[in-house]
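Q: This is what each chain is made of:
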Amino acid sequence: MIRYLIKNNFKIMFRNKWILGMIIFGPVITIAILSSAFSDLMNKYDGVDEFQAGYRAEEDSVFAQWMDVVKETGAENGIKFSEYPEGKPEDVIKHNNLAGFVEFGKDGYTLFKSADYEMEGITLEYFLNCMTGEFEKSAMQSVIPIKEEQKVNLPVRKLEYLPAVDATDYYGMIYIVYFTWIGLVSAANVLSSEKKYGISRKFQVTAVPEFKMYLSKWIPAVMVVSAGIAVTVALTVLLYGIHWGNIFVSAGLILLTIMAATAYGLMLYYIFQNMVLTIIVLFISTFVMGFFGGSFETYMYSAWPESVKSLSPIYHTNRALVELSSMGHSNYTVSSIVYLSVILVISTVVSILFDRIRKGGKA
Amino acid sequence: MEEIILKTTELTKKYQNRAVVDNLNIEIKRGEIFGLLGPNGAGKSTTLNMICSIIRPTAGNINLFGKNPLKQKKEVIHKVGYIPQELAIHGNLKAWENVELFTSLYGIKGEALKASVEESLQYVGLLERRNEFAKKFSGGMKRRLNIACAIGHNPDLLIFDEPTVGIDPQSRNFILEKIKQSNKNGATVIYTSHYMEEVEAVCSRIAIMDNGKIIACGTSEELKNLVTNGSEEITLEEVFLTLTGKKLRDYT
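Going line by line, the protein sequences match chains A and B. Taking our numbering, the leading residue of the first sequence gets 4, the next gets one more, and so forth. Taking our numbering, the leading residue of the second sequence gets 0, the next gets one more, and so forth.
Where hints are given, some of them may not hold.
Partial selection, computed: residues in chain A whose CB lies under 10 Å from chain B [stated by the list, open to error]:
# : residue
1 : Tyr7
2 : Met70
3 : Lys74
4 : Val95
5 : His98
6 : Tyr200
These are calculated hints, taken from the structure and not from any lab test. Note that the Cβ used here is the ideal one computed from N, Cα and C, for glycine as well.
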């Protein structure tokens, strides 16, 4: 029944050349500007050579058992850890010309960074974030009783925490993700026409259920954004030579992002029933998610704690895509899929719920 | 005995304790062109919206083709064609695409849908302009397209909510002729308008509504007699003003 509705909504969205142009050329232009602007900055990060860091671990520290792994992985990645059992951290840093000092306490750690080694300090913090993430995963595995023969070596030693990616590849992928989150603009003319001209009221003089009506907007919007983004990806590969690594997994992640982001945008519209307000909230929330998720400042060198960054779905997708490109695999692929799927389902349910609540006084 | 296809009983709609439609009882027989007249804010559109299941009544019942449209919407709504006051069409779709979109929502597809779209466009005189975008149409053409979008599924009851607002006399005349033709073809029609001469020319029975209630109902002649007892010539507009008063209605 809604096949023709989907087809015609697709036509309306597709015929809006300005919006389609924005979806296609928005990322292309942004990538060109940002990758050029940030390439120096990325080179600065890349320019961080080997450096020294001090540490001290309390006897009952949860990290005590991992210290060998920390030192070994650090050394493999250019961070030489030396133990300093005595002295104030600030004095130890000063007297030994260290980039930073880590005090491993019972349940956590305190990082002291030298003002003279800003980039090294950020790198050290990112390294510790990655390591503690791995430790938490290992600790979770250790509380699950497993049979002797099933025991496996923990993968901590093989941690590749700093993917080698240049500014063009990084921003080339990140801004594709960023623009998919504002993809609902493709459906703006359908949604505003339906409200402005009473078309949505006329739809009520039919027996089409709310969920099908929802799909009649969601499906064409996903199709239009997917088509636009496909052209964008092709253009960026041709123009800037962006490396996508595992192309099938990356394409799947982008498609899932489009599906979830469109559902999220539609949910905002179903809540506010006002296109302008929806666009404002969509842009602000995407900006916030991108701010913590590495859309502006590369997530590798962002000073935000891992726990804050992990709240942003954009962070999971960005990190998965960057690692897929630079390392060929990523632990963030699964978390990204789970996060996006949850957003897709919850947004759809909330949209239908609000539609029904709004029709509470209606039939 | 004539079949009653629509009956409302004590139909009421309240917004913040203000009754917009107040215990409305109407009966519409098959084959009628029933006119609903009233000043702004009288409750005409609210009544039509309740009949079309767009809004839920606060109290009372609606019986449409022997069914309750609130509970049996799926079984009865395809018998209704609703032409709203607004031009409920997409400007960025061509004329035929607009008709296809709305007609398909009643389960018509494939060749039957194609034929239905052509027939509807032919009916409103837009077949030759089928490939033009609706946004390029004049006001009268948009009104006609609005009608085509509501008749493709061949409904038994056509509900026109002020279909001739803001259009030229030729288009108005065309629409009125089509309403009469639809009625001759078997459709029952409910028609609201502020143009008294239109209502008088088209409708077989007229109800005058004010403050959510029907204050008079009958043929044009019966309404005139109600006011003058047949003693003098009077227009329907004079009847309307006598019954509803001359005070301005500034409803928002």
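Q: Could you run down the list of hints and mark each one as holding or not?
A: Structure-based check of each hint:
At about 4 Å, the closest approach between the beta carbon of tyrosine 7 of chain A and any beta carbon in chain B falls short of 10 Å, and the interface hint on this residue holds. Look at methionine 70 of chain A: its Cβ only gets to about 65 Å from chain B, farther than 10 Å, so that hint breaks. Proximity of lysine 74 of chain A to chain B is violated relative to the hint, the smallest CB-CB distance being about 64 Å (cut-off 10 Å). Interface hint at valine 95 of chain A: violated, since its Cβ lies 69 Å from the closest Cβ of chain B, which is beyond the 10 Å cut-off.
Violation of the interface hint for histidine 98 of chain A is found here, the shortest Cβ-Cβ separation to chain B being roughly 72 Å, above the 10 Å cut-off. The criterion of a C-beta within 10 Å of any C-beta in chain B is met by tyrosine 200 of chain A, whose closest approach is roughly 5 Å, and the hint holds.
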